[in-house]
Amino acid sequence: MQESEREAITTTPWSEEQRLLAAIRAGDAAAAEELVERTYSAVFASIYRLCGDSDLAADLTQETYQKAWGALSGFDGRSQLFTWLYRIAYTTFLNHIRRPRRMTSLDEPDSIDVVDETPAVDDVLVVQEEAEHLREAVMKLPEDLRFTVTAHFWGGLPVKEIARIEEITTVAIRKRLHRAFTMLESILGEEVR
Amino acid sequence: MTSKRKAEIQRKLTLTAVPRPPDDLLDRIKGDIPRYLNVEEERERFSRSVGFNLRIAASIIVMLSIASLIFLVNERTPQPASLAIAETPKPVVTRNTPAASVAAAPAQEEVHVDIVQAAPPPPASVAPPPAGRVAPRASVGYLQDFVADARRERDDEAPKEEVGVEGGVEGHVAGGVVGGVAGGVMSGEFAPQMAGAPAPPAAAPEPGSSFGYSDQSTRAAAKTAAAPSLIPEAYAADLALAPKSVFGISIDPAAFRRIQSTIENGNRPSPSSVDVEALVNYFAGAPVKPVKRGVHLETEASPAPVEANGHRGILRFTIDTATIAVPQRGSVPPIAKDARLEIEFNRDAVERVDAIGDTTTLIPESVLLHNTSVTGLFALNLKMPLKEKQLVARVRLRYRSIEDDRMHTIEKEVRGKDFAKQWPRASRRHRLASLGALWGESLRGSHGGVDVARRAEELATQAPNDQRARELAVAASASSGGGTK
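Chains as they are written, first to last, in our numbering: chain A, 1 to 193; chain B, 1001 to 1485.
Here chain A stands alone, though its shape is the one from the complex (with noise of 0.2 Å):
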């Protein structure tokens, strides 16, 4: 569902974005619904990539939203809408890990409630567990790579908006990815041995 809802957020026709922000801004709570809607499943997939808990993505993602509608008039509309969104989304994100106290800790895996009875999946668990890792190692890369890799690979942001939004060219983003998957490599790679 989320793949299939990013795809059809990233290809939003320019002109029906104009159409849904300037009723926004001129306070059309139902244009403002219609953006939700449209978007949120994917900011909250975004977000849930990012933090690996299902409950602290939804609380994030709400952020997000109220972040939005206050940043609303300072959206140029450079970019996609959606790209702008999951720039406060990933800030968002980055905000709540460097809160004291209410950081999700990065370097054990999420426990499992004893009350639960529902007998484990070895499959499943093998699956969370490698994705918990991979998260891991992506939270480890240099500030500018995690966002690259995350927005591409996580938001579903087009190389072309990521350079866009970062101000920088394709080529140098195309760059950063591929530094990335070295360093990704390299961490998966050293946490095998």
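By construction, these hints were calculated from the structure, which means they are not laboratory data. Each statement offered as a hint is correct.
Under the rule of at most 27 Å between Cα atoms (straight-line distance), these lysine-lysine pairs were calculated in the DSSO-like manner:
hint : chain 1 : residue 1 : chain 2 : residue 2
1    : B       : Lys1412   : A       : Lys140
2    : B       : Lys1289   : B       : Lys1417
3    : B       : Lys1244   : B       : Lys1292
4    : A       : Lys175    : B       : Lys1006
5    : B       : Lys1421   : B       : Lys1387
6    : A       : Lys175    : B       : Lys1004
7    : B       : Lys1337   : A       : Lys67
With chain A held as given, fit chain B onto it using these hints.
Okay, now just chain B, sitting in the frame of chain A:
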């Protein structure tokens, strides 16, 4: 880097599974829209809020005027008002809850009678629990078994004893609330002060006494032996004004006084009358440094205070909300709403979990007040050896702040190393809460009272000014047959 490896990483990055967003998320986000987009509506709400506050202010002014008028009229009568209060027992309560006095009086009597009935008759019989019900077993997991045994025993006795207590309490609470205790709820910390105010002349508060578990209520309870007839009224006032529970955890501030009074009268409290959670909360008390703002979540772990055997531990969580001054008859304002507390245990690290007390399910709080402290404890059987960094438990508190109307999440993790410290290195709050739990369970029939007395005595000796450590040491010693000091 090979292209194959690169493709593998790309695949992993792309194929991360994502759960569906929570069902209520869309509504939550949409719910924020009007507030952020419609400035006019916000202004209107602000105006309404100001108008509401003005109306309240006007009401207060009117009430003060009436009070002044009554005072002036009384001054012109031959007898002073204070003398009239001293002559009758009821007006003391009337002072705080004017309309409730008639309804409250019978309820007080009920509470008194029931507490006395609940205690076993022979004064010297701080005897072992009845045969066949609780058999202390030194070789069995203490922290786990005492919970299970005590629950079993309590269940056996519950029907005949709890009915009376509940009836009495409910009767009085209803009276108190109907009688106009503004807001109907008080925080645990402030309640004793309210309870102290209406006390009869013999236990009357001194001027300038502070908030918190003030000396007033302590003194009133300390005088139990000398003036036992005064106690039920203080209890009744406590019960009427204080909140009974937070997240379903009992924080009844009068629980300890009731037990103390029973013991001082030479009786042993009946197991079913011992509210272990309330004792935990009484001894955990308020934070050493008052919380200035917002909501604070504290977690702490330690080995079990006695018979830890290298693998038994105690996990504590405490939620403290910001402390503010509240007028004596005022209600405590809320600080948060929609508060949810979640606790997860890692089954790789924990073999068995027992919630200490009666609460097995944490209930969400629709409203969380200022001046609130609530503590919960878990007894854990750990899977040894634990790694230092191994996650043992995660405690998560979510709430919507009244101040900014946003959801907040506070999360604390407890790891293996937290259980490795020695018992004396745990905070006083943690140690007192744990010992309070242990003592409560011993009153319900488990063994361990002597150990509690010894540990509490250590605490009291280390800090002679720590009144609660002293109270626990004395009470535990008395109830375990050691006699009060």
